[in-house]
Structure formats: C-alpha cells, structure tokens
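A.B. asks: One letter stands for each residue in the lines below.
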Amino acid sequence: QSVLTQAPSVSAAPGQKVTISCSGSSSNIGNNYVSWYQQLPGTAPKLLIYDNNKRPSGIPDRFSGSKSGTSATLGITGLQTGDEADYYCGTWDSSLSAVVFGGGTKLTVL
Amino acid sequence: QVQLQESGPGLVKPSETLSLICGVSGYSISSGYYWGWIRQPPGKGLEWIASIYQSGNTYYKPSLKSRVTISVDTSKNQFSLKLSSVTAADTAVYYCARGSGSLNWFDPWGQGTLVIVSS
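Protein sequences appear in the order of chains X and B.
Basically my numbering = 1-based index in the first sequence + 39.
Basically my numbering = 1-based index in the second sequence + 1.
In case anyone wonders, no lab produced these hints; they're calculated from the structure.
Worth double-checking, as some hints may not be accurate.
[What the hints assert, rightly or not] BS3-like cross-link-like pairs, simulated, lysine-lysine; straight-line CA separation at most 27 Å:
hint	chain 1	residue 1	chain 2	residue 2
1	X	K56	B	K45
2	B	K62	X	K145
3	B	K45	X	K145
4	X	K85	B	K77
Can you make the complete structure from the sequences, with help from the hints?
C.D. replies: This is how it looks when you write it as structure tokens:
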C-alpha cells in the first residue's frame, strides 16, 4: 500500500493528451515538492519533472507537471508510442521523515 | 555527466546480509547532494530505502531502519548499502541515485542490479 495514490493504468491514442494523477496528504504533497519519473520497460527510472513543474534539461515540453493542494498531476501531450512506460510520482513525507512514491501508473498508447 | 553504477552479489542467502556499493563518476560526493538507495521488487513499484548526505546525515525508511545501514566513502567516491537478515521479500532490483537537498527528487539513477534472496 503506497502512501501516494496513483491509478494503476491509463491509455490514450497517439497524438492525444493524457493526465496522470497522484494523491497524497498534507504531510507529503501538501507541503513538499513533487517529482515524476518515467520508467521504460527494463530500464531505470528517469526524472521527468521536479519541484512540481520543472523539467530537467533534455525533457521535452510535451511533459508538464502541476500541483494543487494534496494532489499532483503529470500531463503528456502529443502522445507517442515511445511514451509507453510506467510513471511514478514521489516526494518527501514530513511526518514519516521518509521519501514516498506512488504505486505507479502504466501508460498504454493505443 | 554524473553516472552511478551499482555493484554487488546477485544472490544472497536468507538470513544473511545484502551488501551493495554505488560508484559515482563525473561528480564528487563531497560536493553535496544526498545519495540514496531505492529498490523495486519484480513487477512492483519503487520503494525508497535510505539516503545519506556527504556529511554523514542519514535518513532511513522506518520499516527497514533496524536492518539497514547506509554509508559513504568520499575517498573512493562511493556509497554503500547493507541490509541484514534478508528474506525472499527483499528480492528486488536495487537502484542507487543522487537526491536533492530536500529529498524531493532523484537524478540520475544507476542502471540497477537484481538481487535474489534464495538458498
């Protein structure tokens, strides 16, 4: 049981837009920055978004992040088959004094 | 650029201690950032284990704290993980990664190493 809640799966057609949500509480998302990771099959996770909405160098602007209250959202526009992956949210939990991750959302590009 | 590489035994017997090392290149651990370990059981999600700052300040996942030790060797520019009394539930791909000062993000990650706990 993950501290952060994500839908197990989401799907959309190529070229479309998809959003992936991450729900938490005041001790984690509500008062700390959120990050998002993309894990392509058989590879290590890769940082996509940090500090709620910032993109590391090299991450295309098709990927965006936002936060409202105790929830965060990853948006992906112009979906490509290469975007098929597992996506995880993560943050610090001030009550647990621990890093917490969501359970992951599997994106299928139909 | 910064690169991390995990190394250690791929097979550990139940009740023994799992030991992994993460070698860092392209960046000096002494210069800052947290350094951490995250694992992923087969077919499951990410689980943070522990993180350490170059000064030695550490954070551990509460449920694993009694079995985990994380340490840093700045002279070798590497950090390590020890997990004692392992069981089959500790079978996972273990990743090392660099963490932000507030531990809100990790980047980059090592390629990961699969550790199987089995007799």
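A.B. asks: Are any of the numbered hints broken by this structure? If so, which, sorted upward?
C.D. replies: The structure conflicts with no hint, since it agrees with every one listed earlier.
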